[in-house]
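Undergrad: Sequence:
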Amino acid sequence: MHPAFESLFAQPTERIRKSVEDLQKSYPSLQFDTERDDLDKSEAPFIREMLKDFVDYLNGAKRSFEWGSDENQRISSHPVYQHEAYKTDSFESLPTLNRATLRTYREPFNYEVTEGMTVYADQTSGTSGAPLSVYYSQKFMAQYLHLNMIKVALLAGFTSLGRRPVFSLRVTDNKAYQGGIVVSDPMELVGLSLIWHLDVNDSASFDRFTRMLADLDPEVLVAKPNLYRILLERWKQHETTPPSRPVFTVSGGAMLPDDLRGDVSTFFGCRMVSAYAISEAGYLGSECEELSIHLDESAHDRFECVPLEGGADGDPAAGELAVTSTLNDCMPLVRYRVGDVVDFARDICACGLSGPFLRKLQGRTTIVFDLGDGHMLSPTRYMDIFKEIPELAEYQLTQTRRRAFHIAIELREGLNREEHKQSALRVRDAISTGMPVDVELSWEERSFDSEGAKFARFRSEVVA
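Following full-length UniProt numbering, the numbering of the sequence shown begins with 1 at its first residue and continues without gaps.
Possibly wrong hints are sitting among the right ones.
Pairs of lysine to aspartate or glutamate residues, derived as DMTMM-like cross-links and limited to a Cα-Cα distance of at most 20 angstroms, are as follows [unchecked claim]: (1) Lys41 / Asp53; (2) Lys175 / Asp207; (3) Lys236 / Asp263; (4) Lys62 / Glu304; (5) Lys421 / Glu410; (6) Lys62 / Asp301.
By construction, these hints were calculated from the structure, which means they are not laboratory data.
Please model the entire structure based on the sequences and the hints provided.
TA: The following block contains the structure:
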């Protein structure tokens with residue numbers, strides 16, 4: 001059982017705080033959105049209530065789920081749900097929804113349903129297909145931004161949070177975060193949270209991040225598995241001792257390999273926790289102390305395991321995780337397939353928590369390309385390529401030899417011959433300029449079926 005809500009966080013006398021202004025004096029490139037901060041503060045009571053619901057959920061309180069005419073009416077304003085198949089009050093009769101279906105709509109959702117409220121736009125990461133535009137209501141964005149890491153901590157059994165000036169530091173190779181951003185907790189329970197950009201091809205960027213990590217000493221360090229692997233390799237090459245001592249580390253965005261979990265835990269001397277989230281619905285769940293991934297039905301309406309589309313290869317009991325989540329008025333999801341094959345249970349876990357959890361998650365992995373002589377390439381640095389080259393429909397990058405790659409490219413329809421040629425060359429050049437060393441690069445055009453668990457945008461044929 002988890003302790004009462006009030007005792008989960010450090011007492012005010014135990015907290016050390018730093019203002020955003022003081023932090024920006026040391027790191028002037030950090031961006032702070034004062035307008036968003038004001039909006040988040042106005043949503044503080046709602047965020048607190050969502051956190052209380054989550055703690056109650058961990059303590060055994062369960063919401064009953066019912067689907068009827070009221071719920072159907074609520075989603076009917078969105079184009080994707082105006083199909084005849086959605087005119088039923090039987091939840092089990094509703095069709096499942098996937099990314100491929102959403103891509104067939106120019107505007108699958110009606111974002112004006114949050115009239116008078118701020119709407120936030122983003123994109124999916126694009127690891128399994130062309131990125132989707134996603135939209136968040138003001139309330140959804142507030143709890144998404146501020147509760148994710150707190151939920152991860154509480155579910156994993158960490159309490160007395162909020163002692164340090166910086167609560168979480170997330171490192172990313174996404175160029176959209178160059179300069180870094182900082183947000184403050186509108187509930188004033190924990191310290192500041194940062195996102196910091198790391199250029200894995202730049203030694204100076206590594207050194208700046210290492211110094212920052214030592215200076216800020218966050219309670220939680222967050223990164224994708226591929227970045228953890230590159231960071232460890234870099235620190236080991238330079239015989240660097242751990243720059244900080246986080247309470248725990250978090251891996252998200254891809255499957256966490258067992259060997260990497262062990263290496264990171266040994267290096268930092270603390271536990272590593274795997275978090276499970278998708279851009280379309282936010283935090284789905286995270287690991288307990290027994291390493292089961294518990295799904296959050298305090299914020300989402302229902303999780304279920306649905307049959308694989310096209311049938312299963314191997315295990316006949318394998319299924320795909322689907323989520324129904326209507327908290328986000330801009331983009332409610334009904335029986336939405338998340339694209340991951342799971343071993344799903346609705347039972348009591350060995351940790352003592354009850355409810356839906358995953359005994360096994362066969363999610364997608366993101367590899368790190370080893371180019372030899374200590375040079376590593378994180379392919380997630382190319383995630384912005386769809387934004388930079390809108391003519392690109394899909395691509396696949398394969399490492400054929402240590403320093404040789406092949407790119408398969410699919411361009412969108414409607415381009416004339418010259419546009420087609422120039423777009424393909426821009427894709428090739430974007431891949432080439434992201435390499436930390438000179439490589440041999442070949443390319444071809446082809447068509448893809450990138451939906452489903454079998455597609456991998458980044459592949460390596462090099463045997464270690």
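Undergrad: The structure should be examined with respect to each hint, and the outcome stated for every one.
TA: Hints versus structure:
For the suggested pair Lys41 and Asp53, the alpha carbons sit about 19 angstroms apart, so the restraint of at most 20 angstroms is met. Between the alpha carbons of Lys175 and Asp207 the distance comes to roughly 18 angstroms, so the proposed pair stays at or under 20 angstroms and holds. Proposed proximity of Lys236 and Asp263 is supported: the alpha carbons are some 11 angstroms apart, at most 20 angstroms. Taking the CA atoms of Lys62 and Glu304, the gap is about 16 angstroms. The hint holds against a cut of 20 angstroms.
Taken as a hint, the Lys421 and Glu410 pair is honoured in the structure, with Cα atoms around 12 angstroms apart against an allowance of 20 angstroms. For the given pair, Lys62 sits about 11 angstroms from Asp301 by alpha-carbon distance, which is consistent with the 20 angstroms threshold.
When the structure is compared with the earlier hints, no violation turns up for any of them.
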